[in-house]
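Chains A and B, in that order, are what the protein sequence lines are.
According to this note's numbering, the first sequence is numbered sequentially starting from 987.
According to this note's numbering, the second sequence is numbered sequentially starting from -14.
Please keep in mind that the hints were generated in silico from the structure rather than gathered at the bench.
On a predicted model such as this, the values are computed, not experimentally measured, just so you know.
Each hint should be verified, as a subset may be incorrect.
Stated by the list, open to error - Only pairs whose alpha carbons sit at most 27 Å apart, straight line, appear in this in silico DSSO-like list of lysine-lysine:
#1 A/Lys1124 - A/Lys1012
#2 A/Lys1194 - B/Lys84
#3 B/Lys182 - A/Lys1194
#4 A/Lys1051 - B/Lys13
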Amino acid sequence: MRIKKVSPSELLGRPLNEIEKRYAPKELYISGSMKIPLPGPRVAIVGTRSPSEQGKRDAMEITKKLVEQGVIIVSGLARGIDTVAHKTAIEYGGKTIAVLGTPLNKVYPKENKSLQDLIMREHLAVTQYPIGCITKPKHFVLRNRTMALLSDASIIVEAGETSGVISQGWETLRLGKPLFLWKLLMGRDLGWAKDMMRYGALKLKNIKDVDFVIEEIFPALEGTVDIKGLEIKI
Amino acid sequence: MIRLLEIRYASLLSYCPRDSSEKGEIAKRVMRAIKNESPVSSKFGELFASEFIAKTLKEIIDKDENFKDFLGENPVLIPVPRHSPIKKYSLWPSLQIAKAMEREGIGTVRPILERIEAVPRSSMSSPESRPSPTTHYKSMAIKRIPTISRDVILVDDLVTRGHTFIASAWHVCEAFPDVEVRAFAAMRTVSNRLEFKELFDPVIGRITYRPEYDDCLRRPS
């Protein structure tokens, strides 16, 4: 396992703006074969650890559609929706990034060891926690903020009233990036989902609506936009 | 409610959502950089998008009398709200641009307009179902400050039809009836691919409200 230490700015290939800097970790530890700075666009697909069968099917469909457009799938390697997102991306020939709440030499949950190994070999695993760091529950919350930073948009597929993805949703909105809530979240009377809609989260009613996600993230912003060669004519 | 029927506007850059030529793609990337406050590498070096806009605008003011007259002497810069309410420490591209303009000596920022209720985003609405100026007006509020006696420039990242600008102007005119309100957008949307020339395309024009349709026409488009 080869681990490299990079700053978020090196990973994204651009300096962070003042809003991004507020909660960005100082350094990140990465392992994998993806090129650095990261290619794009990247969309986070996240959700509950105990999804319904419908939730799993929907996460799979959404992931498949994005992968077909060349989108890199970001998730947190947790049980449930995260695992479906990573596995579907790999199965359909796409690329995936796992943002972990543990150091790179630890696996949580244990059943995802082979998936994490594969991602660390052929895709990319990222964490803000160095080897030796004792994992605490709050690390997974902070990991979700980092996931929002590294993604161009986030989609929450299915979650409960106290899901860990809530922090990711708010951070996505704070960073001014598009946050999409999948239809399964509607009609469940989730207070946080209603609040997020009030603050600009967008509803995805069906798989066709994933086109809106694609419209929002293309053309990909990879590093700094270069217009040095263009003349300002007045 | 004071319904201004027309305001003057200026913009620096342009992009066309339907143009996928090389020029069109560059313009779209710059549009995304402005919306995300990402860096742009130009003849000024690597700067965040807001700083790049402010420096370019400063250069134009120094060379072009029309732009200098348009902006006036030390105007009050009021950033236009995003499409939904925002929490503290959130990205607000219009505020970033206004602050960068202030640092270049182009006016004084007063972030007094706020969104109190989300409106549908243009990107997820068909042209006919985009929020009207009246919908925008009802979804915003103005924070009272003692007084504004100078000209006001509304600042936004992107102008499409001008609905947000005209609704913002209504609020400002209602609170401060004696000031003249104009609008500045970093970038304008050119819907017709044949009318899109290039990224740098500074214009001064007008946004006209049509009460019979509750919409706006922006010229040049």
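Keeping to a limit of 27 Å between CA atoms, is the pair of lysine 1194 of chain A and lysine 84 of chain B held or broken?
Violated. Lysine 1194 of chain A to lysine 84 of chain B sits at ~39 Å, over the 27 Å cutoff.
With the threshold set at 27 Å, check whether the alpha-carbon distance from lysine 1051 of chain A to lysine 13 of chain B stays at or below it.
holds, 23 Å
Agreement of lysine 182 of chain B and lysine 1194 of chain A with the hint, judged by alpha carbon distance not exceeding 27 Å
violated, 32 Å
Given the hinted pair lysine 1124 of chain A and lysine 1012 of chain A, is their alpha-carbon gap at most 27 Å?
With Cα atoms ~17 Å apart, lysine 1124 of chain A and lysine 1012 of chain A stay inside 27 Å; holds.
Hint compliance for this structure: hints 2 and 3 are broken, all remaining hints hold.
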